[in-house]
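If you read the sequences in order, they're chains V and E. The first sequence: position 200 = 200 (my numbering), numbered continuously. For my numbering, add 506 to where a residue sits in the second sequence, where the first one is 1.
Keep in mind the hints are simulated off the structure, nothing from the lab. Backbone N, C-alpha and C fix where the C-beta goes; we use that ideal spot for every residue, glycine too. Keep in mind that the hints are not guaranteed to be accurate.
[What the hints assert, rightly or not] Simulated restraints, written as ranges between beta carbons of each label pair: (1) K565/E - T39/V: 54 to 62 Å; (2) I138/V - A658/E: 18 to 26 Å; (3) A658/E - L145/V: 46 to 54 Å; (4) V669/E - R188/V: 53 to 61 Å; (5) D607/E - R188/V: 31 to 39 Å; (6) L700/E - V71/V: 52 to 60 Å; (7) E579/E - R188/V: 51 to 59 Å.
[Unchecked claim] On the chain V side, residues computed to face chain E include the following (Cβ under 7 Å): (8) V170; (9) L173; (10) F180; (11) T181; (12) A184; (13) A185; (14) D227; (15) L233.
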Amino acid sequence: MIVSVLGDMSAVEAPPVMGAVSTSDTQRMNGVGAWITTTDHRRIGRMTIVASALWLIVVTSLGALLGIERVASSSTFLPADAIDQMFVLMQTLASFGVLLPILFGVAVATVPTQVGARTIAVPRVALLGFYAWLSGVIVMAVAILANGGPAGGNAQMVDLFMIGLGTTIVGLLAIAVALFTTVAASRRSGLSLVDASLLSWSSLVGSVAVLVSLPVLLGTVVYVAVDLHYDSLAFGGAKSVMSWIGWGFTQPQTFVYAIIAVGLLAQMAPSMAARSQPLRGAMLVGIGLVAATVVGTVTQTSQTFEWKGSLGDKLDSFVPYALYNLLPVLGTAVVILLALLAVKGGERRLFVPFVPVFLGVGMVFTGMAGNAIVHIDSAGVDGTVFAEGATIYVVYGAVLAAWGAVALYGPNWTSRSIPSPVVLGVSGLGVVATVLAGLPMYVAGFADQPAATVSDFVYSGPKELLNAVSAAGHVLMLVVTIAAVLGALKALSSGPQTGSEWGGDR
Amino acid sequence: MEATLERHLPAGPQPEPRHVLLAATSAVVAAGTMLVFGMLGMWFRFRDAAPLRESSRGKMIRDWLPADIPVPEVATNTLMITMVIVCIMPQWAVYAAKRRDAQHTGLALAITMFLGIAAINAQIAVYIQMGMGIVDGPYQTMFYTVTGTVLALLIGGVGFSVVAMFRAFAGRLADREVFVAHALYWYFLAAAYLALWFVVYVQK
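Based on the provided sequences and hints, a complete structural model is requested.
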C-alpha cells in the first residue's frame, strides 16, 4: 500500500497531462522502479521517513509488550529467554531504526533546497546509504527473531546481527557524508554557512557529530564481530556484547542523533514569528553545544558528579561531569529560550507545525536533563530504568519534531498538506504518550527498579501502576504512530493540491 | 530602477556545486580516521589491562604480545616507508594534472597503485612471518582485526587510484578535484598506517 501511495506521490512531482490517468501495470512498475532507483533527494528523504515510521511501530510494540510484562513482575507471559533480546532489539531499533534515520530523512528531503542546491550532493551515496541502513536494520531484526543478537543462543544469528549492525552504521555514515557534503559544498553562491538556514546548520553539525562518533562504534562492532566468530577470546561472548557497544544506543550518544530535531525548532521559531532570529549567533552556538556530547561518547567514558570531599574535590568531579553531561542540556536550553524569544517579539499566529516541534524538543530536553541526573552519584539512579525513561523522552521527542517537519515541508514535496487538526491531534496525543511512557520510568528509577529486566524486582512504590502507565504510554504511541502514518500518507498522496497552509519556510 | 531590471531579467543558470568530491572525501577521511583511531584506542585498552611480565631485557612490560611471537621489523618498517613515499605520487598526479600533462598524471597514479599493491604485499608478508592463527588468543584476534581493517582501507585506496588513472588516461584532466581528493585519501592512509605501525609494531 505504501509503495502504491509513494507511487501516487511521485505523480505529483511530474504532473501528467490533464485528464490522463496512469493506471496500467507498466506505468505502475515504472513508478516503483523510478522510486527505488531515484536520486531525487526528496524521494530518498521520504522513503527514509516512511521506513523509520514503520520501525517506530515495532519499537512502540516492543515497549508495550515489555511494559505489560513488567506489571506482574513475579510471572512472565513472554518467553523468559527472549526478554534480553527484546530489550536489545528495542534499544537498537529506537536509535538506529527510528531516531537518527527519521531526522536524517527530514534533512535529506529539505536541506538541499534550503541551501539552494538542485539536489543532494552525491545522491547515489545517499541512496546507497538508505538501502544499506534499511537492509542492515532488517537483518538485525531477523537475526534477533532467530535467537541471535547480544545474549542470543544461535551463534550464526549472533554473527548475522553484528553484520546487520555494521551495515546499518555504514548506511547511516553514507547519508551523513551526503548531508555534510551538501551543506559544505553545494550551497548557492554567496550563501555562507552562518547565513544558511538553521536546519542546514544543525544538519551540518549533526552529520559531523555522526561522522566522528559512529566510526568508533563501527570499529568496536568489527572487533566484537570478529571475536564472536572466532571463539570469543577477547570480548567475552554474546552476553557481553552490549557492554562494549551499548553506548551507541543510549545517552548521551542519542543526543548526537537528536541534533537535527533541535535545529528544527531553531528553524521554525522565526518562521512562525515571521521575523529574523534574534541573537542568531547564539542560536548557532547553542546547536553546536549539543554536539559537545561526542567528547564523552568517542572516548567511551562517563563522568559522574560525586558530592563528597573538599570543595576542590567537588569541583574536580563537577567540571568533567558538566562538560560531558550539562553542555548538551545548556545547548538545547539556549535554543529553546531563543526560539521563545523569537516567538515573543514576532507576529502572533498559529503556526501548526511549530507545535509538535516545540513539544518534541521539550521532550528531548527532558531526556537530556534526565541523563544529567543519572550521572549524579547521590541521585542513585544509575543502573535503574531511569535511563530507559530518558531514552524514551529523546526518541519519542525527536519523532514528534520530525512529525512537525513533515507537516511543514510535506507540501513542498507533494503540493498537498496535512490538515491542521491531524497535525495537532497527533502532536497532543504524542506528547501525552511520551510523558506516560517516560515519566513513570523516571519515578521507578528513584525507587530502584532495575534496568533491562521484567521480573524479580521488589520495591515499596506502586510498581504495578508505574509500569502499567508506561506500557499504556507505549500503546498510545503505537496508535498515534499508525494514525500519523496513515493520515500523512492519505493527506500527502490524495488530499487536495492546496499547497502549504503555512507558507514561507521552504 | 536596478530592482525593476532585476525583476524582469530571466534567472541565470545555477552555478555548479564546488568541491563536492573533495568535501565528500574529507568526510570519508574524517570517518576513517575515527575508525582507525577508535580501534587503536580499544587496542590500548586491552593492552593496558594485560598483566605485567618480565621482558627478555629484564624490564617489566605488559603481557600483551605473546613472548613467542616475533614482530618482523624489516617487513613492517618497509611497509611504513612505502606508505610515506607513496604520498609523493598522488601529489605529483595533482601537479601534473594542473599542467594538463596526461602522461605524467597517469604515470603518477599508476605508481601510486603499484606502491599500494606493494604495501598490501608487505602486510601479507607480515602475516606470514608472524605465523599466528586468529584464534590463538585475544592478541591475535585483535591484531588481525585492526590490521585487516586498515588493509581494507588500503585496498579501497588502490581502487581509487585505478579509477583516477582511467580518468587521467581518458584525458579528463580538467576535473582536477578527483586527483586532489585521491591525494587526500592517500595522506589519510599514510597517517593511518603510521599510527598502526607505531602502536602495533613498535610499541607492541
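If I claimed the Cβ atoms of V669/E and R188/V lie 53 to 61 Å apart, would that claim hold in this structure? violated (29 Å)
Under the criterion of a CB-CB separation shorter than 7 Å, is L233/V in contact with chain E as hinted? holds (5 Å)
Okay, A658/E versus L145/V on CB: inside 46 to 54 Å? violated (30 Å)
Mind checking the CB of F180/V against every CB in chain E and telling me if the closest is under 7 Å? holds (5 Å)
Hint validation: A185/V versus chain E, beta carbon distance must be below 7 Å. Holds or violated? With Cβ-Cβ at 4 Å, under 7 Å, it holds.
Supplied contact hint for D227/V, tested at 7 Å Cβ to chain E: holds (5 Å)
Does the Cβ pair E579/E, R188/V satisfy 51 to 59 Å? The hint (51 to 59 Å, Cβ to Cβ) holds, given that E579/E and R188/V are roughly 54 Å apart.
Verdict for I138/V, A658/E (Cβ pair) under range 18 to 26 Å: holds (24 Å)
Looking only at beta-carbon atoms, does the pair L700/E, V71/V fall within the given range of 52 to 60 Å? Given about 57 Å between the Cβ atoms, the range holds.
Hint validity - L173/V Cβ closer than 7 Å to any chain E Cβ: Result: holds, 6 Å to nearest chain E Cβ.
Regarding the hint that T181/V lies at the interface with chain E, is the smallest CB-CB distance below 7 Å? holds (4 Å)
Given A184/V was flagged as interface, is its beta-carbon under 7 Å from a beta-carbon of chain E? Cβ of A184/V sits 5 Å from chain E, so the hint holds.
Going down the numbered hints, you'll see the structure goes against 3, 4 and 8, while the others check out.
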